[in-house]
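On the provided structure of chain A, position chain B as indicated by the hints.
Below are the chains, spelled out letter by letter.
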Amino acid sequence: MPWLARQLVRLVVVLFCVTLLTYMIVNILPGDVAIVILGNLATPEDIAGLRADLGLDRPMLVRYFDWLGSALSGDLGRSYRNGEPVVQAIIDRLPVSLQLMVMAQVVALGIAIPVALLSVRRPGGLFDRISASAAFGFLAMPNFMLGIVLIYLFSVSFDLLPATGFTPMSEGLWDNLESMILPSLTLGLIEWTVLMRVLRSDLLTTLKEDFILLARAKGLPPWRVLLQHALRPSSFTLITILGLNIGGLIGGAVIVEQIFALPGVGRLLLGGIFNRDLILVQGTVAFIAVGFVVINFLVDMLYAVLDPRVRHVRFRS
Amino acid sequence: MSASAAKGAVVAAPRPRRRWHWALALPLGWLLLVVFLAITADWIGLPDPSAQELILRRKPPSAEFLLGTDNLGRDMLSRVIYGARTSLIVGICAPILGFLVGGAIGMSAGYFRGKVDMLAVGFIDILLAFPSLVLALTFTAYLGQSLFNVTLALGILSIPAAARVARANTLAWANRDFVLAARTIGASDWRILTREILPNLLPPMFAFWLVAISVIIVAEGALSFLGLGIPAPQPSWGGMIADGREALDVAPHTALIPAAVMFATVLSLNFVGDMVRNMVDPRRSAL
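Order-wise, the sequence lines are chains A and B.
If you count by the numbering used here, then the first sequence holds residues 1 to 317, one letter each, in order.
If you count by the numbering used here, then the second sequence holds residues 318 to 604, one letter each, in order.
By construction, these hints were calculated from the structure, which means they are not laboratory data.
From the three backbone atoms N, C-alpha and C, an ideal C-beta is built for every residue, glycine too.
Treat the hints loosely; a few may be bogus.
Claimed, not checked - Far from chain B, some chain A residues (derived; all Cβ distances over 12 Å):
{"id": "1", "residue": "10"}
{"id": "2", "residue": "25"}
{"id": "3", "residue": "47"}
{"id": "4", "residue": "110"}
{"id": "5", "residue": "142"}
{"id": "6", "residue": "169"}
{"id": "7", "residue": "175"}
{"id": "8", "residue": "255"}
{"id": "9", "residue": "276"}
{"id": "10", "residue": "282"}
To be verified - To give an idea of the interface, some chain B residues facing chain A are shown, with a C-beta separation under 7 Å as derived from the structure:
{"id": "11", "residue": "446"}
{"id": "12", "residue": "538"}
{"id": "13", "residue": "542"}
{"id": "14", "residue": "567"}
{"id": "15", "residue": "569"}
In isolation and in its complexed conformation, chain A is listed as follows (with noise of 0.2 Å):
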């Protein structure tokens, strides 16, 4: 089978396991929906009505493939508590989160690049090591504590973003680019320090071929012998952290749009959590689980166009 069409099987094995041990968790562990809707002092009978209502009385399985079903016609159902379509409600948020992401990603590629050009001119040097000692420190910080520390000098000692709320763009672009500073900045900070890590090690070793020598031989400036000729062959490594660390850019910017009051998937989440909302919980961790993998795969296949080699060699770790 060709490569592309063996990537592909694999992507649809891996989604519908995903989408299946989600509706599994979602649905053996103890809790009952009809009683969480109908509170404790439901009888027996409503609880049966309900369930038969909802469907709940017939084998997992079988539900699970109608879910299914529905989930690959656009369906995911309606949430339990107010009725409202669950891929509406995703729909709507998921702009906020998405633009979240991208910010948070430019604040830490904008960090991580420069840090990294600027530390292997002198590896051992002056700014190597406080840039390495810098990115050690911002490892140590979970997101969730940086997120307080940022407003807490941004917004209450300063006064200079606002703490919490989002302004749509519709009603202002800079309104809404402050209440999203904070935000990106709490989840970029953190991550440019795995990003310049990665690239500052791939530019050592690009440094050292012949190619680069070359150059330098030709007499060009040390900048464009790091833009032009070495950033680029080092930058295969950080395209697939990149895609990686996109696992830990969802669950982090769940932790910050509830700091933050972003109206985004996560909070979404978080509320259908909260509130025993079961098809809502079921149907936005499927679509963040299959957002991820799906992202992932494109993250390969992009790969595999920067780098033809990929495509005979399968890297496993």
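Below, chain B without anything else, positioned relative to chain A:
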């Protein structure tokens, strides 16, 4: 370009690693202090971490309350120390659970190869297909909140990483001559796995465990911060930071003190973990 810059860029100067040894005293001392206080919390005359004194709420640090009081007038010092107990219990036990299960999976995969390996790698891929925090949230939300369930959920989360470490190392050791020798004299698979391969897995697994502790402490903090971790009256650093967030403008110490303690602990753990990893596996010191 100056000559020294060019030289520096080409030859990466190896950093002197010996100088780090004495710098280890501070993080190690802090960790010992945290562990000591967490163990002896009941016997050092601390006030009840759950006892509320609403008149004395949000008091800044003073002689009476060394770290001040929180939103409900509870003693912060006592809560931070009992919170350390929570963090350490979860942080130490969850990775052990993950290592027992993940280690077994990884070792079988690396030793038997073939179908077993395929199944194990598939299983790991599926678990890794979930963003870890989302999986942890879902587990604790449906298992119910308790110290045990949080530990269980985070333990399950550490299975894939543990399995990978075990698998990679088993693959490397399983082809060595002494394993072949053991097989030649008729040792069973079980005996080879437990007597020949397992002892060699312990050092990398131990180094990894140290890193896992700090990751799990952060994850427990995140769950408790979101209100889905350790249930309310029981002190937890993440929960304390979440509580303190409400009063960030009037009593910032209620959030910043547990945040600082958590930061110091995670930083120290990473520091010691890096050291141990460098000692165990010199190749990884490059990163």
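Hints, verified against the model:
no.: 1; hint: 10; result: violated, 9 Å
no.: 2; hint: 25; result: violated, 5 Å
no.: 3; hint: 47; result: holds, 19 Å
no.: 4; hint: 110; result: holds, 22 Å
no.: 5; hint: 142; result: violated, 4 Å
no.: 6; hint: 169; result: holds, 25 Å
no.: 7; hint: 175; result: holds, 22 Å
no.: 8; hint: 255; result: violated, 6 Å
no.: 9; hint: 276; result: violated, 8 Å
no.: 10; hint: 282; result: violated, 9 Å
no.: 11; hint: 446; result: holds, 5 Å
no.: 12; hint: 538; result: holds, 5 Å
no.: 13; hint: 542; result: holds, 4 Å
no.: 14; hint: 567; result: violated, 9 Å
no.: 15; hint: 569; result: holds, 6 Å
When held up to the earlier numbered hints, the structure conflicts with 1, 2, 5, 8, 9, 10 and 14 and fits the remainder.
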